[in-house]
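A.B. asks: Work out the full structure: start from the sequences and follow the hints.
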Amino acid sequence: MHSRGPELDPLRDGVHCPRSIDAPLHSQGILPGAEQESFERHLAECSICRSAVEEASDVIAELRRASPAETRRDLLPGLLTRIDAEAKGEAGLRRRRFSIAAAALLLVGLLFGSRWLPRRLDDPPVGPERAFDRALAWLEHAQEPAGGWSAERWGGQARFDVGLSGLGVLALLSTDRSPPAAAWRAVNALLAAQELDGRFGPEFSGTLYNHGIATVALLRVLDARVDDEASRERIRGAIDRALEFTKVAQSPAGGWGYLGGEPGEATTAATFWPLQSLLLARGSGWRGLDEAIAGGFAHLKRVSDSQGRFGYRRPGEFPNGSEALASMGAICVLRGGSDREFGREGKARLLDGILRDGFTARPDGRGTFYGDFLRTQALEGHAVLGGSSGRHSPQELLASGQVRSGPEAGSWEPSDRWSAAGGRVYSTALAALILRTKS
Amino acid sequence: MKNAEEPRKVHEESPVDLRRDEELMDLSRAGSRDAFGALVRRHQQPLLNFFLRLGADIHGAEDCAQESLLRLYRYRDRYTPSSPFPAFLYTLARHAWIDCSRRRARRAAVPLERAAAMGSERAPDDRLDLRAALATLPQKLRMVLVLSVDQGLNLAEIAAVLGIPTGTVKSRMFHAVRRLREVLHAQPRT
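Top line first, the protein sequences correspond to chains R and F.
Residues in the first sequence are numbered consecutively from 1, following the working numbering.
Residues in the second sequence are numbered consecutively from 1001, following the working numbering.
There could be a bad hint or two in this list.
Label pairs and their computed distance ranges (CB to CB) [said to hold, decoys possible]:
| # | chain 1 | residue 1 | chain 2 | residue 2 | range |
| --- | --- | --- | --- | --- | --- |
| 1 | R | D84 | F | D1077 | 17 to 25 Å |
| 2 | F | K1140 | R | P18 | 20 to 28 Å |
| 3 | F | G1163 | R | S178 | 32 to 40 Å |
| 4 | F | G1167 | R | T175 | 40 to 48 Å |
| 5 | F | E1022 | R | T81 | 23 to 31 Å |
| 6 | F | D1077 | R | G343 | 46 to 54 Å |
| 7 | R | D176 | F | E1022 | 30 to 38 Å |
| 8 | R | A44 | F | G1163 | 29 to 37 Å |
| 9 | R | E195 | F | R1074 | 25 to 33 Å |
| 10 | F | P1081 | R | P32 | 16 to 24 Å |
| 11 | R | G33 | F | I1098 | 45 to 53 Å |
| 12 | F | D1077 | R | S178 | 41 to 49 Å |
| 13 | R | E45 | F | P1081 | 39 to 47 Å |
With the Cβ distance kept under 8 Å, some of the chain F side facing chain R (calculated, not the full set) [to be verified]:
| # | residue |
| --- | --- |
| 14 | V1040 |
| 15 | D1057 |
| 16 | A1065 |
| 17 | Q1066 |
| 18 | L1069 |
| 19 | Y1075 |
| 20 | I1098 |
| 21 | S1148 |
| 22 | N1154 |
| 23 | L1155 |
| 24 | L1162 |
| 25 | I1164 |
| 26 | L1180 |
| 27 | L1184 |
Hints listed in this document are in silico derivations from the structure and should not be mistaken for laboratory results.
Ideal Cβ placement from N, Cα and C applies to all residues, glycine included.
C.D. replies: The following block contains the structure:
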């Protein structure tokens, strides 16, 4: 490696031998037979080429000595899973092609402008597993260098960057494989977005969306494989501060509202994420949260009606439909509400309502990624209780609506009611989470 | 039960792991998952090394290797047994690498506080030196070097994988070795 032969460039240098270009291949013995023999004869009379062979041999020997680290992971099981999922997706596609139901669905979509239909129909859709992988690939592709996601760059509003980054983290963590490096970059971005008072993201009316989603995302990170204690401590510290802010931001009568709104004007929509974060934190061992959690449930109790529905600010108030609010209430009640307050029959009624509403592609065109995300989350809780999740499963339909080609391949068109705020990162992160939810 | 001393009858009862790549591809095409599994187990480590050498981290290398092998399965019907299997496999691997690189091209490398703790294996210093030196090479030079030195492809196979004339392979190999040597000599050695 340390021989000092002439610096050769057979194409440029003044003193050279054009045949020295064969030296690296000769030193590995991979010149074709006749050329190898010819070059060996040439070496006997060319010192420039002998030096070139010597130098090449040194470099190649060094390369071979320092072989890459051995990995012990067997790729075969994961690979066969993906192959099976693709095969299942293709079989499902073939069945659907001949199904009247699929034709009717397509017609409904075309008539009512369903936002989930694919932009191009020339490439076949893929199964949910593959669609999920593609969604993660798009999210990684769209990630900013600092680790977060820019809502504005993808059709949303910049003030929701932190919440979207939280959704991105949740989506990346939902893989069965080791979370990609992108997930940890995103976690760093979330940690950097925390203010001194514990708040995540900018202060504006919708702060609690950003703050609640970011807090939930960090709590999920602790559930994932975080081995080193220093990182765990850093995340736990951030969660401590975030929970304090959440408690302080609670309305006097329980629940949470839009910052800057009327005191006591809690809404079910703004209550959902803060209450989720408190429930998750309590489940992970945080103490001192019971009072704030009780306040959250007091709001839900106050806005619920005899049919088990949850109003926006009061019973029967549904400014954007009752479906998403029903799912929000159900998720919270099923994960943390007491039987004494809501009753076992009351809990079952919540799920009946969600199942009755169904999923996307409804003729009224009101389906949203957010609504279906909430619905799948609620039904996942239903499965845990041992009931049936019903015949509705949005995953296959969702996979068929993924953008299949072009620069946005792997994402979903951000065209539902909330896309003006969240853009393509919103639609894609939520679609990925829906695909991973076992309903 | 067979006598332990009895020689294995390779030709009569050859387990799939003893068959040549080309035969395994034939069997895979006919629907044998065992044959495809044997191909995967045989080539997964070289593929991981290939992507690590090209500059991927361990997670990226695993993703690219899995993607390459998935493409091998998808495109198994396109393989013609008369053509060398390594050229076919590494053509797929090169395309997988290009796709992965494109996906990552829009973002700069960001130091990861978590990366080391999430399973990256700490490499000895000499490995780091060489990895850093390789990273300084333009992609097309690095690719030729890795395909020949690490993966053991011959001149014709490298030309087939890259879709370039053999003369261009020679030229790239010469420049790759020369530049790597310069970089290694310029690095402080411990």
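A.B. asks: For every hint, state whether the structure bears it out.
C.D. replies: Quick rundown of the hints versus the structure:
| no. | hint | verdict |
| --- | --- | --- |
| 1 | R:D84 - F:D1077: 17 to 25 Å | holds, 18 Å |
| 2 | F:K1140 - R:P18: 20 to 28 Å | holds, 21 Å |
| 3 | F:G1163 - R:S178: 32 to 40 Å | holds, 34 Å |
| 4 | F:G1167 - R:T175: 40 to 48 Å | holds, 45 Å |
| 5 | F:E1022 - R:T81: 23 to 31 Å | holds, 27 Å |
| 6 | F:D1077 - R:G343: 46 to 54 Å | violated, 59 Å |
| 7 | R:D176 - F:E1022: 30 to 38 Å | holds, 33 Å |
| 8 | R:A44 - F:G1163: 29 to 37 Å | holds, 35 Å |
| 9 | R:E195 - F:R1074: 25 to 33 Å | violated, 48 Å |
| 10 | F:P1081 - R:P32: 16 to 24 Å | holds, 22 Å |
| 11 | R:G33 - F:I1098: 45 to 53 Å | violated, 33 Å |
| 12 | F:D1077 - R:S178: 41 to 49 Å | violated, 32 Å |
| 13 | R:E45 - F:P1081: 39 to 47 Å | holds, 43 Å |
| 14 | V1040 | holds, 5 Å |
| 15 | D1057 | holds, 6 Å |
| 16 | A1065 | holds, 6 Å |
| 17 | Q1066 | holds, 5 Å |
| 18 | L1069 | holds, 6 Å |
| 19 | Y1075 | violated, 13 Å |
| 20 | I1098 | violated, 14 Å |
| 21 | S1148 | holds, 6 Å |
| 22 | N1154 | holds, 5 Å |
| 23 | L1155 | holds, 6 Å |
| 24 | L1162 | violated, 14 Å |
| 25 | I1164 | violated, 14 Å |
| 26 | L1180 | holds, 5 Å |
| 27 | L1184 | holds, 7 Å |
Hints 6, 9, 11, 12, 19, 20, 24 and 25 from the list above are not met by this structure, while the remaining hints are.
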